[in-house]
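Please dock the two separately framed chains into a single complex, following the hints provided.
Next come the chains, spelled out residue by residue.
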Amino acid sequence: MGLPYLIESLLSIRRPGQGSLVHQGASQTVVNQMPPYTQIVLNVFPFGTDYFDIVYQSYIDPTVVPDVYHGYGQYFGTRMYEGTIAAGFMAYQLESLVFISGAEPAQALIRNNTPVYQYYAGVAFYVAIASEKDYDAILEHLEASGSSGTKQLLDLLSSKKPVGGGV
Amino acid sequence: MAKGKDLERLPRPEPESPIANISDGKILVKVSGRLKYTSDNQRVQIERNE
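Protein chains in written order, with the working numbering: chain P, 1 to 167; chain X, 168 to 217.
Simulated from the structure, these hints should not be mistaken for laboratory data.
Note that beta-carbon positions come from the ideal geometry of N, C-alpha and C, so glycine has one too.
Which chain P residues stay away from chain X? Per the calculated CB distances, all over 10 angstroms, these:
no.	residue
1	I13
2	P16
3	P66
4	Y92
5	T114
6	S145
Output of the computed footprint for chain X on chain P, the stretches with three or more beta carbons under 8 angstroms from beta carbons of chain X:
no.	region
7	28-34
8	46-57
9	121-130
Isolated chain X, as found in the complex (with noise of 0.2 angstroms):
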């Protein structure tokens, strides 16, 4: 079975679709616990709930 490091990387997703039709402002994701989340989406807020 290969291992991680010799499988080829996956294309990192497109970061919306092309069927959104946003025109409201951000959407706003929550997260709590320590692990961080970013989105590479500029309509995409992250907001930390501790």
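Extracted from the complex, chain P is given alone in its bound form (with noise of 0.2 angstroms):
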């Protein structure tokens, strides 16, 4: 599966002379034993000293058994999905545009709705930008360029700048 056009524009971004500014990422969660009739909710943070990471595709394990979760997932001012974890659901990767900083980390819940234990195990591909001054670097490169799909991250990118820096 080819990557979204506006992954692909941040990770051609590049310093002069130097390396790509944005880097690529996946991450997986395993719970081995969800206990029955129980849910979580987890929070999802950029790693380390990260500024800024965009999650664009994620998907659940096809050994999780459909039917048995409940789950969402939801970043600032936006829940992307909410129901029953079902087997048409799983059958498709998720494509998104999560932004999640320090100060915003996106949130996913899981609920075994069984009376058994359960094996959950998913996969989120994601983007991460190292600093403040590679962000704005990214900023700058957008507004140069120009074009019409560079606007439109341009646009999304400004208004999801964490106030008062990172992690």
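The following block contains the structure:
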């Protein structure tokens, strides 16, 4: 599967004569034994000293039994999905642009709606921006490039810049 | 279309369901990769699995 255009645009931005300003990553979450009729809420932050992360794809592992979990994912101002994690839901990767900073973590909830212990696993793909300086360099690059696609990305990133710094 | 900063913050979800009945210890959540996970639920233990 190809990367979303906006993510490709971000990954193509480089420092003059140096490497990429944006780095790709993947994160896996596993609950080997989720107790019956229990829910957990996970807060998702950038790891370490990362300034800003954007989750752009995620999926529930196909080994998870359908119709077992109720779940949702949300970040500031938006709940992307909520409902039973059914087979049809699990058949596709979820496309998103979830902006995560230290000040604005994302939240995910899963609830085991069955009377037995269950397994859960999910994967999220994201890009990471290491520092506020890099973030500003990206905005400058997008302002200078001026295409309609990068304008959209610039608007999104400008509106999401963490107030008062990152983690 | 309203931008994210114009929207009201969603309420934080309750960390544990009222119907939960855990008597056998903590729920272990294993995570890997450069995202950091935390939980408000004291029964949830986050383990980094690099």
